[in-house]
Amino acid sequence: MPKFQISKEKLTDGIILLTVKGFLDAHTYEELEKVLDELFDANSYKIVVDLSGLDYISSAGAGVFIGAIGTIQENDGNIILLKPSPNVREVFDLLGLSQIFTFADTKESALNILK
Amino acid sequence: MTIAYDMLKDKINVESNTRFLIAVRDFVSRMIRASKIHREDENKVILAVDEAVSNIIEHAYEFKEDGSIEIEVEANEKEFRVFIRDSGKSFDPDSLPDININENVKRGKKRGLGIFLMRKIMDEVRYNFRDSITNELLLVKYIK
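Protein sequence lines correspond, in order, to chains P and S.
Just so we're aligned, residue 18 is where the first sequence starts under my numbering, counting upward by one.
Just so we're aligned, residue 45 is where the second sequence starts under my numbering, counting upward by one.
Isolated chain P (complex conformation) (with noise of 0.2 Å):
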């Protein structure tokens, strides 16, 4: 299995769904951040990631969203974390990013948040 794979799909409402998959550490947080710059130069905002599939992450992974999240929110959307995996959920919880980020257990909840 590769290390790291994203992929992109427009949704409704001008609704983004990330899906990741592998290992988000170190090695490979720059592939994520490098999708999201290219989403706020299209002016996409409004964010889903699918997490169930991301095996591992590490604090430069979750690094990412911070870096994220101040962009998002100055331009009124909002990025929803889905389905992430305990071990990937224990590393937010350990950073207390839990409190700071909106996960989702299912896509239409996700949706519903952002419309």
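Worth flagging that the hints you see were computed from the coordinates, not collected in a lab.
Backbone N, C-alpha and C define an ideal beta-carbon position, used for all residues, glycine too.
Treat the hints loosely; a few may be bogus.
Per the computed footprint, the stretches of chain S lying under chain P, defined by three or more beta-carbons under 8 Å from a beta-carbon of chain P, are [stated by the list, open to error]: (1) 95 to 101; (2) 156 to 166.
Result set (PhoX-like, lysine-lysine): computed pairs, CA atoms no more than 20 Å apart in a straight line [to be verified]: (3) P:51 - S:154; (4) S:53 - S:80; (5) S:153 - P:51; (6) P:25 - P:100; (7) P:27 - P:38; (8) P:51 - P:38.
Guided by the hints, dock chain S onto chain P, whose structure is given.
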């Protein structure tokens, strides 16, 4: 009755390149599974070691790929100890204050998260700078 438990000990060396973080995590995972550490601590201890090695690549070697990093694990029935050694620039994270995550988010600041995690996850985080050549970081997780 005391049951004897042999010291578990092994080490690996990797080049100072983030592509070897997977090998570091696999090694630590294998050692954790051979030890008596609680399975619920596995992800956290792997994360702490990953953060330490990532910091060495960034700060001690400044992303130069000709450096070497040694990761040695020693475990007995009471402690899981990870020694991480490098020969890059010495860096004393003890001088860094704990982060305020709300402030980090407000400013989009990503620095210092790795050290914060190491301190939060491990029971001991100790630095030794030997002979101005080798930096040694010791991470200890108690096995309760």
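These are the hints, each one checked on the structure:
With 3 residues having a beta carbon nearer than 8 Å to a beta carbon of chain P, the segment 95 to 101 of chain S meets the requirement of three or more and the stated coverage holds. Coverage of a stretch by a chain is defined here by at least three residues with a beta carbon nearer than 8 Å to that chain's beta carbons; for the segment 156 to 166 of chain S and chain P the count is 6, and the condition holds. Using a Cα cut-off of 20 Å, the hinted pair residue 51 (chain P) and residue 154 (chain S) holds, with the two alpha carbons roughly 16 Å apart. Note on residue 53 (chain S) and residue 80 (chain S): the hinted pairing holds, with a Cα-Cα distance of about 13 Å set against a maximum of 20 Å.
Among the hinted pairs, residue 153 (chain S) with residue 51 (chain P) is consistent with the structure: their alpha-carbon atoms are about 17 Å apart, no more than 20 Å. Taking the CA atoms of residue 25 (chain P) and residue 100 (chain P), the gap is near 17 Å; set against the 20 Å cutoff, the hint holds. For a cut-off of 20 Å, the pair hint linking residue 27 (chain P) to residue 38 (chain P) stands: about 18 Å separates their Cα positions. Among the hinted pairs, residue 51 (chain P) with residue 38 (chain P) is consistent with the structure: their alpha-carbon atoms are about 16 Å apart, no more than 20 Å.
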